[in-house]
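For reference, the chains in residue letters:
Number of protein chains: 2
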Amino acid sequence: MKMSEGVEWAVHSCLNLAWVGPAGAVTATQLAAFYDLPTAYFNKQLQALARAGIVTSTPGPRGGFRLARVPEQITLLDVVRAIEGPTPAFRCTEIRQRGPGAQAPENYLLPCAIAHAMGRAEQAWQQSLADQPIADVDADVARTAPTAAETTRRWFDSQRA
Amino acid sequence: MKMSEGVEWAVHSCLNLAWVGPAGAVTATQLAAFYDLPTAYFNKQLQALARAGIVTSTPGPRGGFRLARVPEQITLLDVVRAIEGPTPAFRCTEIRQRGPGAQAPENYLLPCAIAHAMGRAEQAWQQSLADQPIADVDADVARTAPTAAETTRRWFDSQRA
Chain A
1 MKMSEGVEWA
11 VHSCLNLAWV
21 GPAGAVTATQ
31 LAAFYDLPTA
41 YFNKQLQALA
51 RAGIVTSTPG
61 PRGGFRLARV
71 PEQITLLDVV
81 RAIEGPTPAF
91 RCTEIRQRGP
101 GAQAPENYLL
111 PCAIAHAMGR
121 AEQAWQQSLA
131 DQPIADVDAD
141 VARTAPTAAE
151 TTRRWFDSQR
161 A
Chain B
1 MKMSEGVEWA
11 VHSCLNLAWV
21 GPAGAVTATQ
31 LAAFYDLPTA
41 YFNKQLQALA
51 RAGIVTSTPG
61 PRGGFRLARV
71 PEQITLLDVV
81 RAIEGPTPAF
91 RCTEIRQRGP
101 GAQAPENYLL
111 PCAIAHAMGR
121 AEQAWQQSLA
131 DQPIADVDAD
141 VARTAPTAAE
151 TTRRWFDSQR
161 A
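As you go down the protein sequences, you meet chains A and B in turn. Following the working numbering, the numbering of the first sequence begins with 1 at its first residue and continues without gaps. Following the working numbering, the numbering of the second sequence begins with 1 at its first residue and continues without gaps.
Warning: the hint list may mix true and false statements.
[Said to hold, decoys possible] Quick look at which bits of chain B chain A covers, simulated, 3 or more residues with Cβ under 8 Å: (1) 25–35; (2) 48–54; (3) 148–156.
Because the hints were derived from the structure by calculation, they are not lab data. Cβ atoms here follow ideal geometry from the backbone N, Cα and C, with glycine treated the same way.
Bound-form chain A, shown alone:
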């Protein structure tokens, strides 16, 4: 079970946009260049973030991407959902209804207890992601890598100069 590496790119990019702030728009090329990311593939993630209403893009020579909301109002769940989609990791294929033990359909009106149990765990995972806005991750970066925000902001500013 593996999450797309696009999730790592997307969360980092949201943080970078938070650090640049609403005054400055950042191009997809600049965002990709900051981590040497493959531009075409990264563009897809950016488009997914835009479709999910996490970033907005403005056209034109001074245009680019900005966060669509303040970092307090963008959660890790928003970003993960935008990149990974809403489909749960555990997908019940109803094998209980297959084979020699299969019974009449009216015996399967309630969801499979296994799917229910697995779903409960995914809900705990989602709740934890939903409880962590980008602003909290930012605060944790400030504690663990105190120069990151300023270094990042300065590089993006230099690109727009």
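Fit chain B to the known structure of chain A by using the hints.
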């Protein structure tokens, strides 16, 4: 992000072994036949469960698989780990250390705040799986599909007769 369908097969098979009980050993062929599962691929999952100490197999004409522990002592996390391995779904590739914003290695002694935040969510998922033993799932099946255990037991008994 998708979990292997082997997880569904493995949890159902653990439940089936729980219903058959410790007195009866069940062959891999019988376990696979009960849900029309592809035998070779399913055997790999059974071997993984055996390596993880969740099932034991005895050789010989009356041999087969049994649960290695009572269902109260096998959690969903045990089964998921056996099939999916211990690697987390989110895998930090340290992109923060790449590109023009990269700083000297001594700035990265602490884990990335994003990896930390994603890890916290995976821990919530794992904790929920660890809190749910197969015995609890069994109790939920008894409530939602009351004939399943008896039907299953009878079919496996008929195969050994």
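Outcome of the hint check:
1. Beta-carbon proximity to chain A at under 8 Å applies to 3 residues in the segment 25–35 of chain B; the threshold of 3 is reached and the given coverage holds.
2. Proximity of the segment 48–54 of chain B to chain A, defined as three or more residues with a beta carbon under 8 Å from a beta carbon of that chain, is not established by the 0 residues found.
3. Closer than 8 Å: that is the beta-carbon criterion, and the segment 148–156 of chain B has 4 residues meeting it against chain A, so the requirement of 3 holds.
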